[in-house]
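Participant: Below are the chains, spelled out letter by letter.
Protein chains: 2
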Amino acid sequence: MNINISDENCPLRKTLEIIGGKWTMLIIFQINERTIRYGELKRCIVGISEKMLISQLKFLCDKDIVHKKSFAEIPPKVEYTLTEKGKELLPIIQTIIQYGLKHDI
Amino acid sequence: MNINISDENCPLRKTLEIIGGKWTMLIIFQINERTIRYGELKRCIVGISEKMLISQLKFLCDKDIVHKKSFAEIPPKVEYTLTEKGKELLPIIQTIIQYGLKHDI
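Keeping their order, the protein sequence lines are chains A and B.
Counting from 1, one number per residue, gives the positions in the first sequence under UniProt numbering.
Counting from 1, one number per residue, gives the positions in the second sequence under UniProt numbering.
Some hints here could point you the wrong way.
As the list claims (entries may be wrong) - Taking lysine to aspartate or glutamate pairs in the EDC-like style, the calculated list, with each CA pair at most 16 Å apart, reads:
#: 1; chain 1: B; residue 1: Lys63; chain 2: B; residue 2: Glu84
#: 2; chain 1: A; residue 1: Lys58; chain 2: A; residue 2: Glu8
#: 3; chain 1: A; residue 1: Lys102; chain 2: B; residue 2: Asp104
#: 4; chain 1: A; residue 1: Lys22; chain 2: B; residue 2: Glu84
#: 5; chain 1: B; residue 1: Lys42; chain 2: A; residue 2: Glu8
#: 6; chain 1: A; residue 1: Lys22; chain 2: B; residue 2: Glu40
#: 7; chain 1: B; residue 1: Lys102; chain 2: A; residue 2: Glu33
By construction, these hints were calculated from the structure, which means they are not laboratory data.
Nothing here was measured: the structure is a model prediction, and the numbers come from that model.
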């Protein structure tokens, strides 16, 4: 597919607005096939702030990429998984990793 | 491939530091298989500032993703192409576009 002008209708631009944030693909990759609690996810992504992780997870839930399950417990328990739409990003992320490894980035 | 902790050694994180910038993949995609002059490239990426495009092109040249050819002419002529390493990103970018189109992003 070729797109001559990349303006606000460009599908690459629109998709990168969803998944192209600094932390977004790292979050998706770390959730991966797992069901993961918030605290564990935060530990896996070294350097991300609480505020950033919470806002990114909310954004990804709104976009139907991440699913959040809350348990009515004390202390509250929250688990995250990827939706089917989110899991479809994993092979793309793998190709990015393979590219980086191949070129020793 | 599974990476349990995403810290500064994570290959995904390191690769996204190269190609994950807001404009980076758009620039690579617009150069694509073409030999393109600076002015035409800028017109193709609606909204990018001169400063951003120049600094991103310099960065991508330093990373051996983009090749710059300058002609000793008046007015000066500068052309950009993707290197082989840069062209290897095109199939990855295509999968991102296909993902976006499939999910009507």
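Participant: Next, verify each hint and record whether it holds.
Facilitator: Now the hints, each set against the structure:
1. Lys63(B) x Glu84(B): Holds, at roughly 12 Å.
2. Lys58(A) x Glu8(A): violated, 23 Å
3. Lys102(A) x Asp104(B): violated, 32 Å
4. Lys22(A) x Glu84(B): violated, 26 Å
5. Lys42(B) x Glu8(A): Answer holds: Lys42(B) to Glu8(A) is near 15 Å, not above 16 Å.
6. Lys22(A) x Glu40(B): violated, 28 Å
7. Lys102(B) x Glu33(A): Outside the cut-off at roughly 21 Å; violated.
In terms of the numbered hints stated before, the structure departs from hints 2, 3, 4, 6, 7, listed from lowest to highest.
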